[in-house]
Every structure is written in C-alpha cells, then in structure tokens.
Amino acid sequence: MTEGPLPCRRRPFRPDRIMRMYTYAFKRILTAVTVMWAVASIVFLAMRLVPADPAMVVLGEHATAEALAAFREEMGLNRPLTVQYWEFIGGLAHGDLGRSLITNRPIADQIWSLFPYTLNLAISSTLIGAIIGIPLGVWAAIRKNTAIDYISRIVALAGFSFPAFYLGVLLLLIFSIQLGWFPVLHQIREGTLWEHIYKLILPALSLGLIQASYVTRLTRSSMLESLEEDWVRTAFAKGLKPNTVYFKHVLKNIMIPVITAIGLYMGTILGGAILTETVFNRPGLGKLLLGAIAQRDYTLIQSGLVVFSFIVVFVNLLVDLTYSLFDPRVKYE
Amino acid sequence: MSKTQAKNPQPEHRLDLLREIWKVLKHDKTALFGFIFILGIVAVAILAPIISPYGYSEQHILDSFQGPNTSFFLGTDEFGRDLFSRIIWGSRPALLVGVLSVLVSIGIGVPIGLLAGYKMGWVDRVVSWWVDVALSFPSILLGLMIVILLGPGIVNVALAIGISHVAQYVRLARGPTMAIRNLDFVMASKALGATDLRIAFGHILPNIVGPIVIMGTLSIAGAIRMEASLSFLGFGVTPPTPSWGNLIRDGVDNILQSPWMALFPGLALTFSVLAFNMVGDSLRDMFDPRAGLGKKKG
Numbered sequence: 029m030t031e032g033p034l035p036c037r038r039r040p041f042r043p044d045r046i047m048r049m050y051t052y053a054f055k056r057i058l059t060a061v062t063v064m065w066a067v068a069s070i071v072f073l074a075m076r077l078v079p080a081d082p083a084m085v086v087l088g089e090h091a092t093a094e095a096l097a098a099f100r101e102e103m104g105l106n107r108p109l110t111v112q113y114w115e116f117i118g119g120l121a122h123g124d125l126g127r128s129l130i131t132n133r134p135i136a137d138q139i140w141s142l143f144p145y146t147l148n149l150a151i152s153s154t155l156i157g158a159i160i161g162i163p164l165g166v167w168a169a170i171r172k173n174t175a176i177d178y179i180s181r182i183v184a185l186a187g188f189s190f191p192a193f194y195l196g197v198l199l200l201l202i203f204s205i206q207l208g209w210f211p212v213l214h215q216i217r218e219g220t221l222w223e224h225i226y227k228l229i230l231p232a233l234s235l236g237l238i239q240a241s242y243v244t245r246l247t248r249s250s251m252l253e254s255l256e257e258d259w260v261r262t263a264f265a266k267g268l269k270p271n272t273v274y275f276k277h278v279l280k281n282i283m284i285p286v287i288t289a290i291g292l293y294m295g296t297i298l299g300g301a302i303l304t305e306t307v308f309n310r311p312g313l314g315k316l317l318l319g320a321i322a323q324r325d326y327t328l329i330q331s332g333l334v335v336f337s338f339i340v341v342f343v344n345l346l347v348d349l350t351y352s353l354f355d356p357r358v359k360y361e
Numbered sequence: 018m019s020k021t022q023a024k025n026p027q028p029e030h031r032l033d034l035l036r037e038i039w040k041v042l043k044h045d046k047t048a049l050f051g052f053i054f055i056l057g058i059v060a061v062a063i064l065a066p067i068i069s070p071y072g073y074s075e076q077h078i079l080d081s082f083q084g085p086n087t088s089f090f091l092g093t094d095e096f097g098r099d100l101f102s103r104i105i106w107g108s109r110p111a112l113l114v115g116v117l118s119v120l121v122s123i124g125i126g127v128p129i130g131l132l133a134g135y136k137m138g139w140v141d142r143v144v145s146w147w148v149d150v151a152l153s154f155p156s157i158l159l160g161l162m163i164v165i166l167l168g169p170g171i172v173n174v175a176l177a178i179g180i181s182h183v184a185q186y187v188r189l190a191r192g193p194t195m196a197i198r199n200l201d202f203v204m205a206s207k208a209l210g211a212t213d214l215r216i217a218f219g220h221i222l223p224n225i226v227g228p229i230v231i232m233g234t235l236s237i238a239g240a241i242r243m244e245a246s247l248s249f250l251g252f253g254v255t256p257p258t259p260s261w262g263n264l265i266r267d268g269v270d271n272i273l274q275s276p277w278m279a280l281f282p283g284l285a286l287t288f289s290v291l292a293f294n295m296v297g298d299s300l301r302d303m304f305d306p307r308a309g310l311g312k313k314k315g
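First to last, the sequence lines map onto chains A and B.
If you read the first sequence in my numbering, its first letter stands for residue 29, the second for the next number, and so on.
If you read the second sequence in my numbering, its first letter stands for residue 18, the second for the next number, and so on.
For the record, the hints were derived by calculation from the structure and aren't laboratory data.
Yeah, the Cβ is synthetic: ideal placement off N, Cα and C, and Gly gets one too.
Worth double-checking, as some hints may not be accurate.
[Stated by the list, open to error] Capping the alpha-carbon separation at 30 Å, the derived lysine-lysine pairs in DSBU-like fashion look like this:
no., chain 1, residue 1, chain 2, residue 2
1, A, Lys172, B, Lys43
2, B, Lys136, B, Lys207
3, A, Lys172, A, Lys280
4, A, Lys266, A, Lys172
5, A, Lys55, A, Lys172
6, B, Lys40, A, Lys172
7, A, Lys269, A, Lys280
8, A, Lys55, B, Lys136
9, A, Lys315, A, Lys227
10, A, Lys280, A, Lys55
11, A, Lys172, B, Lys46
12, A, Lys266, A, Lys276
[Unchecked claim] Non-contacting residues of chain A with respect to chain B, defined by C-beta distances greater than 10 Å in every case (computed):
no., residue
13, Arg48
14, Gly118
15, Leu142
16, Asn148
17, Arg261
18, Lys266
19, Lys276
20, Ala289
21, Gly291
Whenever a hint applies, use it, and build me the whole structure from the sequences.
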C-alpha cells in the first residue's frame with residue numbers, strides 16, 4: 029500500500045499500463061464467464077440429483093403412465109442429460125431461462141418483472157449502509173478511544189450478531205404494530221412512486237443497518253491503518269490542518285477499498301433479501317425462488333439460483349474492474 | 018494472517034494455544050463475558066428437560082396467545098405451548114448445528130487448503146478456481162440448494178451449512194501454508210525424509226491452528242444465524258421440533274395476535290450469536306491486532 033507515488037500527484041501517461049489494463053480486464057471477464065458456467069453446471073447437476081420426479085410432482089401421484097410420459101415429452105425431460113444440459117447452457121447464453129414446470133410461463137419474464145423490486149431493495153440497503161457506515165467509521169477512527177469510538181464498536185458488534193431478518197421483525201414490531209406508521213404487509217400493487225418508497229423503507233433499513241455495521245468497522249480499521257502511514261505524518265508535518273489531512277487525503281485513499289468491500293457485500297445483501305422479502309411479504313426474486321421451492325418447480329428453482337449467482341458474479345466483476353481503473357497502485361499480473 | 022505466522026515459525030503446541038486463549042479470556046472482559054454466556058447456553062441445552070417448566074410440545078389450548086405472565090414466563094403460542102420452554106429446547110438445534118457444521122467445514126476445507134497451498138501448481142489453480150466459484154454463491158443460497166437436495170432435518174442442515182462454508186476454510190488454510198512451506202523447518206523435515214502427508218499435517222497444520230480456531234468460533238456464530246435463517250424459511254429444523262428460527266417464523270405468522278412470539282426467540286438467537294462473536298473477535302485481536310474491532314492496538 030505504501031509503495032508508489034504520493035496519492036495526490038497526477039500520474040503520467042503510460043501506454044504500456046493501459047495495454048496491461050485491457051489484458052487484465054479481458055482476463056477478469058473470462059474468469060467471470062467460466063465461473064458463471066461452473067455455477068450453472070453445478071445448479072443443473074444438483075437439480076438432477078434431487079430425489080424426485082418433476083413430472084410426478086406436477087401431475088400428482090395418481091397420474092397415469094401415459095400422462096407422465098406425455099408431460100416428460102412436452103417438457104423435454106425424457107431426453108438424454110447431455111442434450112438437456114447443452115440446451116440449458118445455450119439458453120442461458122441467449123437469455124432464455126426456459127419455462128416454469130408448473131405455470132408453463134417463460135421464466136425470464138417472471139424474473140424480469142420481479143427483478144426491479146429486489147434491485148431497489150439491494151441498492152437502497154447498500155446506500156443506507158454507506159451513508160451511515162462511512163461517516164461513523166471515519167468519526168470513530170479520528171476520535172479513537174472516545175465515546176463515539178466505543179459506540180461505533182458496539183454498533184459493529186451488534187450488527188455482526190443481529191440476523192437481518194430478525195432486525196426486520198423488530199422494525200415491524202416497533203413501527204408497524206406499536207406505532208402503526210407502516211403497514212404490516214408490504215405487498216406492492218400499482219402505486220405511486222411515493223407508495224413504492226414508503227414500502228421500501230423498513231425492508232431497506234433492516235438490511236442497510238446491518239450493512240452499516242460492516243462498513244463502519246471496515247472504514248474505521250482502514251482509516252486507522254492509513255493514519256499510521258508515512259505520508260500522513262508528512263502531511264501533518266508540513267502543517268496541513270487535521271481536517272484537510274483526514275478528509276482530503278486519508279478519506280480519499282480509503283474510499284477505494286471501502287467501496288470495493290461495499291460492492292462485494294452485495295452478495296450477502298442479495299442473500300439477505302430472500303429473508304427480508306419473506307419477513308415483509310414483499311415481492312421479489314427471493315419470494316419467487318422460495319415459492320418455486322415450495323411448489324417444487326424445478327426449472328424455476330434452477331433458473332432462480334443461476335440468476336441470483338450471476339448477479340453476484342457480475343457485481344463482483346464490475347467492482348474489480350472499476351477498482352483497477354481508479355486505483356493507480358493496482359498492479360496487473 | 019500470513020505475516021504473523023511467518024514471523025513465528027516455531028511449531029505451536031496445542032497446550033500453548035489453550036493457554037493463549039485462556040490469557041485472552043482472563044484479560045478481556047468482553048471475551049470472558051461472551052465465554053460465560055456460551056457456557057450458560059450449553060448448560061441450558063444440556064439441562065433442557067430439567068429446567069423447562071413445560072414440555073416443548075405440551076399444549077394448553079385454552080391459554081393460547083398469552084403474553085408473559087406468572088404461569089407462562091414468556092407467554093404461549095397459538096396452541097398454548099409455553100414459549101419459554103420452547104426457546105430453551107431451541108438452544109439444542111442451534112448449538113448442535115453450529116458446532117457440527119463448523120466441524121464439517123474444517124474437516125473438508127482445511128485438508129484441501131493445505132494440499133493446495135503445499136502442492137501449489139495446477140492443484141492450487143484448480144482449487145482456487147473452485148473457491149472463486151463457491152464464493153460467488155451467496156452462502157444462504159448454497160445452503161438452500163443443499164437442503165433441497167438432502168431434505169430438511171438437523172443433521173442435513175448442519176451438513177448444508179458446513180459444506181456451504183468450506184471455501185472459506187480452504188482459503189484460510191491455503192494462504193499461511195504457502196508462506197510456511199518455504200520455511201527452514203519444513204525444509205529440514207523434508208531433508209530428513211518426511212512424507213508430504215506428514216509435513217502437511219504434522220508440521221504445517223499445527224502452525225495454522227490459531228487462525229482456524231478463531232475462524233471456527235466466528236463461524237459458529239454465523240452457522241447459528243444461518244440455521245435460524247433456514248429454519249425461518251422453513252427449510253431447516255422443521256416443526257414440531259422447536260428451533261429459534263422456526264419460532265420466529267411462527268411469531269411473524271402470528272404477529273398481529275401476539276408480538277411476544279417473534280420477539281423472545283429472536284433475543285435468544287441474537288445474544289447467542291453475539292456471545293460467540295465476542296469471543297471470536299477477542300481471539301482475532303490476539304492473533305491479528307489490525308483486523309477486527311481493535312481493542313488492543315486499534
């Protein structure tokens with residue numbers, strides 16, 4: 029971290045570096061694609077290992093042999109595994125997720141119609157986490173071993189221990205049941221923008237407050253780490269005001285790792301969304317997936333799992349690429 | 018982590034590790050408090066049949082949806098079952114799954130990590146790639162997928178949670194192993210003719226036990242939380258066996274009738290997770306003062 033030029037100096041134009049950056053980006057994208065392929069393959073295999081016959085599940089135990097055979101024929105379940113596999117992978121590459129076993133509707137449509145709800149939830153939780161976590165972490169680091177520092181530690185430890193769904197339950201108990209400020213069920217039908225935001229507040233808070241504790245902890249420790257470095261001492265020694273050092277120099281330097289971590293935390297947020305959507309009865313990908321599991325709609329489970337992890341891989345890729353773009357100290361291997 | 022390990026190449030004795038942990042507990046009030054709390058939960062789990070005032074499925078249908086009162090300390094659920102007793106019994110699956118799943122993760126992950134870090138080359142590349150794949154699944158999804166495969170139940174949930182966290186232990190074991198494998202004492206035992214297996218498990222493993230223990234403690238906290246999450250979703254410990262997760266689910270389903278039903282099991286869950294986190298955090302400070310909450314050095 030300490031290597032390289034001072035962070036405030038403008039970096040010179042280096043064509044070789046740009047070339048290496050492209051190579052890095054290409055390699056990174058290639059890795060992401062192979063990871064997606066592996067994830068899709070694992071999910072496909074796992075769904076074939078489930079000890080249940082999808083045709084039996086859909087048609088019931090008393091279905092005749094002919095009906096079962098016809099259903100398998102229609103859904104393509106009687107073809108060799110390799111054919112099904114390549115069709116699944118090929119479909120994914122084209123954005124075709126197949127059809128639901130139960131409703132026979134295209135899965136992609138269902139997922140697209142619910143995607144915005146989960147995306148809104150994830151983004152607003154992330155924002156809440158950053159807006160609370162970064163200032164609290166910075167403040168705690170600057171005023172180390174004071175009351176605010178202790179508060180930040182307690183917040184961090186509490187956030188580490190609170191299951192997000194239980195925090196959701198508590199928010200529901202306090203703000204919906206006791207105070208009556210919010211509805212108990214957060215189902216969303218057609219509504220104004222305000223109504224959407226209104227029903228987003230509690231779910232987003234339940235995930236965002238947990239994330240805030242992670243961000244606080246991370247910001248605080250990276251800030252403390254940076255404060256011990258030589259260039260900070262130099263900045264102080266040349267007579268800069270403490271606030272200039274803290275906010276113009278140190279904060280700027282720790283923002284990259286902090287934002288990276290926030291981005292990488294997206295996977296956990298998406299996982300948490302499954303629970304949060306259940307607590308608040310909010311539509312979304314999580315509810316869709318759980319509904320599919322309950323109905324044993326194997327094609328929908330399969331695609332749901334794949335889409336969820338694709339989103340995570342994609343966000344990670346995005347974070348990695350922007351990270352290398354913004355931090356001149358990143359070395360490309 | 019690898020840095021501190023590299024500085025202390027002398028093999029650590031198991032007794033030393035216990036002594037170190039005891040030292041942390043003695044000096045760190047938070048850790049001690051957490052530790053005592055954990056002992057308390059263990060005692061409650063073991064003594065559940067003795068200390069719970071009612072059986073966990075004993076129904077008092079006339080007394081359903083009661084708030085806390087003298088005969089039902091924390092109230093009752095929709096079938097008039099005593100919530101306090103059910104929470105006490107709920108500590109069993111929580112601890113069982115917590116410990117079992119961590120053992121599963123360590124049992125699978127650490128040998129793979131040792132192998133990858135020690136052999137390097139293509140083994141390492143393949144393992145690292147798989148770790149990347151595994152970590153790109155949110156762990157709750159991975160857990161869900163495995164539970165769909167295995168079916169619900171305490172042991173299956175422990176397996177699912179354990180397997181879904183294997184990748185983290187692979188990574189944890191791999192890093193320090195790569196740092197240690199080139200140290201003199203490993204070279205020396207190689208020169209003496211020790212087999213790879215012996216070097217990996219006999220010489221390298223004792224040196225990375227510390228981080229594994231810390232991670233294990235913190236993982237128990239995570240595993241308890243995940244067991245509750247899966248049970249909450251209905252894919253973990255299934256009724257009538259009470260688990261904190263499915264108790265919270267019952268509470269949410271009946272949130273309008275009785276707010277207590279969701280509140281109390283969640284408190285038990287949160288405080289238990291907190292206790293394990295307190296101990297794990299302090300242990301981490303001992304090994305790596307820069308990470309974590311930084312009680313010692315900041």
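*Would you check the hint for Lys266 of chain A and Lys276 of chain A, treating anything up to 30 Å between C-alpha atoms as holding?*
Holds, at roughly 15 Å.
_Exclusion check [Gly118 of chain A not at the chain B interface, CB over 10 Å]_ = Given a closest Cβ separation of 20 Å, the condition holds.
_Pairwise hint evaluation, Lys136 of chain B against Lys55 of chain A, where the allowed Cα distance is 30 Å at most_ = holds (24 Å)
*Mind checking the alpha carbons of Lys136 of chain B and Lys207 of chain B for me, to see if they're no more than 30 Å apart?*
Holds - the C-alpha atoms of Lys207 of chain B and Lys136 of chain B are around 14 Å apart, at most 30 Å.
*Arg48 of chain A non-interfacial with respect to chain B [C-beta, more than 10 Å]*: holds (21 Å)
*Given the hinted pair Lys280 of chain A and Lys55 of chain A, is their alpha-carbon gap at most 30 Å?*
Distance of about 28 Å is within 30 Å: holds.
*Hey, does Gly291 of chain A actually stay past 10 Å from chain B on C-beta?*
Holds: least Cβ distance 13 Å, greater than 10 Å.
*Within a Cα-Cα threshold of 30 Å, do Lys172 of chain A and Lys280 of chain A meet the stated pairing?*
holds (19 Å)
*asked:* For a C-alpha distance cap of 30 Å, please report whether Lys266 of chain A and Lys172 of chain A respect it.
replied: holds (23 Å)
*Verify the proposed pairing of Lys172 of chain A with Lys43 of chain B, using a straight-line Cα cut of 30 Å.*
holds (24 Å)
*CA of Lys55 of chain A to CA of Lys172 of chain A, is that 30 Å or under?*
Violated. Lys55 of chain A to Lys172 of chain A sits at ~42 Å, over the 30 Å cutoff.
_Pair hint Lys40 of chain B and Lys172 of chain A, alpha-carbon separation not exceeding 30 Å_ = Satisfied, since the Cα-Cα distance of roughly 25 Å is no more than 30 Å.
Hint 5 alone, counting from the list given before, is not met by this structure.
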